[in-house]
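Q: One letter stands for each residue in the lines below.
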Amino acid sequence: MSKTVLVCCGTGCLANGSKKVAGAFRQLLAGTDHQVECVVKETGCNGFCENGPLVQILPDDITYYKVQVQDVGEIVEKTILAGAPVERLLYKNDAGQRVRSQQENPFYAPQMKVALRNIGKIEPSSVEDYMAHGGYRALKKALTMTGEEIVRELEASGLRGRGGAGFPTGTKWRSAMELERFPKYVACNGDEGDPGAFMDRSILEGDPHSVLEGMAICALAIRAEEGFLYIRDEYGLAVHNVQEAIAQAEARGILGEHILGSDRRLKLSVVRGGGAFVCGESTALMASVEGRVGEPRAKYIRSVQRGLWDCPTVLNNVETLANVPVILEHGGAEFAKLGTERSKGTKVFALVGKVKRTGLVEVPMGATLRHLIYDIGGGVKGNRPFKAVQTGGPSGGCIPADMLDLPVDFDTLKARGAMMGSGGMIVMDDRSCMVEVARYYIKFLSEESCGKCTPCREGLRHMLAILTDICEGRGQESDLELLEQLCDTLEDASLCALGKSAPNPVRTTLKYFRDEYEAHIKEHRCPAGVCTALTRFVINPDKCVGCGACQRACPAGVISGSGKKVPRVIDNTRCIVCGSCREACRFDAVEAKGRAGL
Amino acid sequence: MQVDMQTITDILHNYPAQQRYSLAMLQDMQRHFNYIPREGMEALAEYLDCPLSSLYAMATFYKALSLKPKGRHIIKLCDGTACHIRGSVNLVGGVERLLGIQAGETSADGQFSLELVNCLGSCALAPVMVVDDTYYGKVTMERLPEILGQYREEGQP
Ligand SMILES: Cc1cc2nc3c(=O)[nH]c(=O)nc-3n(C[C@H](O)[C@H](O)[C@H](O)COP(=O)(O)O)c2cc1C
Ligand code: SF4
Ligand code: FES
Ligand code: FES
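Protein sequences, first through last, are from chains A and B. The first sequence begins at 1 in the numbering used here and counts up by one. The second sequence begins at 599 in the numbering used here and counts up by one.
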């Protein structure tokens, strides 16, 4: 009998010590004459990093969470040798029952994995493992097809770009295919600059060959012989795994001079990003690949026509490309059965922020926000009231509670001023200040604006100044109108999509959370208790039980009182308004008030 | 750190003399020296036969590159959205107090540089901090002294 131990070695689990866990399994399973033959594999991210390191045992289909080195002996003895679970390491579902399989885990059960199909199952460092799971079959098939046939499948699939804009992938490939100018290039956008998102990272790390295969299929279709993967420099493991995958694929004759022994060739290489958000924009990315400053250019001529070195270039996002082999293998029509009318397939989201279960989730397009946040995510952390969910990164918007039943796809959210974007989904509770959130994004964008065009460079600076004033108590009623005017200017006159979409966070918060802006301006109060200049924390003596948790948490040491049942008191003149006491209090006794009277 | 011309030459000669490799060469220098020395910029300009100013434009545009020496240990504190929502602001203050430097600065003894970054791709572990290449998830104010302590040299405060 043989068993497989899958140890998650994505970045999250590595941070929690999974390398040592894998080592411990190898050590314990080596050399002994057990009845059971066992393979230990180090996989990519299973998406549930918060509960890592994850260990899955096959064929028993048991998954353990938060496994530490000292647990390994027990797992080997009970599960691997005797087939019985170690109860305490199983996931506890919402009803408090321990569950063995991921299929019974409420985080995984509702998911449908297409782009993430192999992650967690295969060893990213092994091309054999990828092939054993069906890898490079689609490429083989593509070699028997004409470019036209490949593009038709893509068109039939309805696949739209996962990088944010949702442009139909088949259409893009067709434009490039029909141009008779050579050389042509394929490029993969792995810059993933949206803060709060890590879908592409997980794919590049955990299943790099799926992206390479997608690029190779594109190259066959458009007749390109060279390609680049632009990957964020911060993603060390992703860069490493992709480089290793390219080397393996070339050594095995899958890519390189003769794609799978044919007379077609493809040379792929990795370009490490320079750490600028704007380099995720297609024309800026191409400038950066060419070894220039990553500034966008005006897109009178699209980059499909004039991209890298002015040659026809197809640029696709990581997740887009990971879907391609599936489409080729099973046919575009099959893929188009998933999702909604105009958004086909699945989408990977990074569900993060104030939500109970955070991680990477993949669901069919059209799932509602409520399904994502409540069924999969388990609801708001600490059962606090839900306030908003921010989607689409810095160019997206904040969606309020009464829109939780909206289906998530390319078009629905856009119509509400937000966007699905690349898949970041940040849940916020009543302790998140929406003005501060808007300020946060505008600050991010003003730092990342490349400065080439005036509306974006100057407009963002002014918006930031106004929003900072509001957060610090210097806001005026006329500011809101001014903000709206600046939004219009940026939208109309910016050169690239960074500037054009920059107003979204401000617009949506102004539209759906105007009362919070007004509380800051008119009452000098931050309802969420986040803006330090407008907040005073007070302990409600009726609720305080005198446990002292707040005193232990306070980094400034300004909470006085002792003894059980004696309410504590905060010295507001010395308080640094960090909110540690409020986070620490389990009785909701710490309340946020305005600073009036201080 | 002493700038060793041989190292610079070695880094450059890992790549063909083409503009498209300029970013990679600058990144390699950054990694090796913790900054881009002037000697490196000049050697690169000569190698690629391009104006020095175009390389300065790159070195100042890309955040991964710096013209000033950085500390031996680089602390990247995430202030990306997921971390921000989970209280990274307080950690920034905490690290600043512990090291006596502001974000973006290097300590006087050259031990630490503190950088605020916009997402380290481990948002599910927010708030996240990376020291050199080691990830720390769910960082709290209480854990900060212990984490940073590991990197202090013997006899340092
Ligand atoms: C400021 C800005 C940043 C962007 N960042 C990314 C990114 O990090 N990753 C990505 O795939 N697309 C990003 N995009 C979108 C790309 O410009 C481009 O649309 C996409 O890579 C095309 O691939 P797709 O059609 O497969 O989505 C960004 C766009 C803008 C304007
Ligand atoms: S909109 Fe902003 S980022 Fe885009 S080109 Fe103009 S200044 Fe640069
Ligand atoms: S790294 Fe293991 S679940 Fe994400
Ligand atoms: S926002 Fe901090 S790791 Fe992503």
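Hints listed in this document are in silico derivations from the structure and should not be mistaken for laboratory results. One should not assume that every hint holds.
As the list claims (entries may be wrong) - Pairs of lysine-lysine residues, derived as BS3-like cross-links and limited to a Cα-Cα distance of at most 30 Å, are as follows: (1) Lys140/A to Lys267/A; (2) Lys337/A to Lys674/B; (3) Lys543/A to Lys443/A; (4) Lys20/A to Lys661/B; (5) Lys92/A to Lys736/B; (6) Lys666/B to Lys267/A; (7) Lys452/A to Lys736/B.
Unchecked claim - Derived CB-CB ranges, DEER-like: (8) Arg181/A to Gly747/B: 55 to 65 Å; (9) Gly747/B to Asp411/A: 30 to 40 Å; (10) Gln748/B to Gly382/A: 28 to 38 Å; (11) Pro743/B to Cys547/A: 34 to 44 Å; (12) Asp488/A to Gln748/B: 28 to 38 Å.
A virtual CB, placed ideally from N, CA and C, is assigned to each residue, including glycine.
Q: Evaluate each hint against the coordinates.
A: Structure-based check of each hint:
1. Lys140/A to Lys267/A: 17 Å, holds
2. Lys337/A to Lys674/B: 44 Å, violated
3. Lys543/A to Lys443/A: Violated, because 38 Å separates the two Cα atoms, which is more than 30 Å.
4. Lys20/A to Lys661/B: 33 Å, violated
5. Lys92/A to Lys736/B: Since the Cα atoms of Lys92/A and Lys736/B sit roughly 21 Å apart, the hinted pair holds (cutoff 30 Å).
6. Lys666/B to Lys267/A: This hinted pair is violated, its Cα atoms lying about 36 Å apart.
7. Lys452/A to Lys736/B: 38 Å, violated
8. Arg181/A to Gly747/B: 55 to 65 Å: With a Cβ separation near 60 Å, Arg181/A and Gly747/B satisfy 55 to 65 Å, so the hint holds.
9. Gly747/B to Asp411/A: 30 to 40 Å: 52 Å, violated
10. Gln748/B to Gly382/A: 28 to 38 Å: 31 Å, holds
11. Pro743/B to Cys547/A: 34 to 44 Å: The hinted range 34 to 44 Å is violated for Pro743/B and Cys547/A, with Cβ atoms some 24 Å apart.
12. Asp488/A to Gln748/B: 28 to 38 Å: 51 Å, violated
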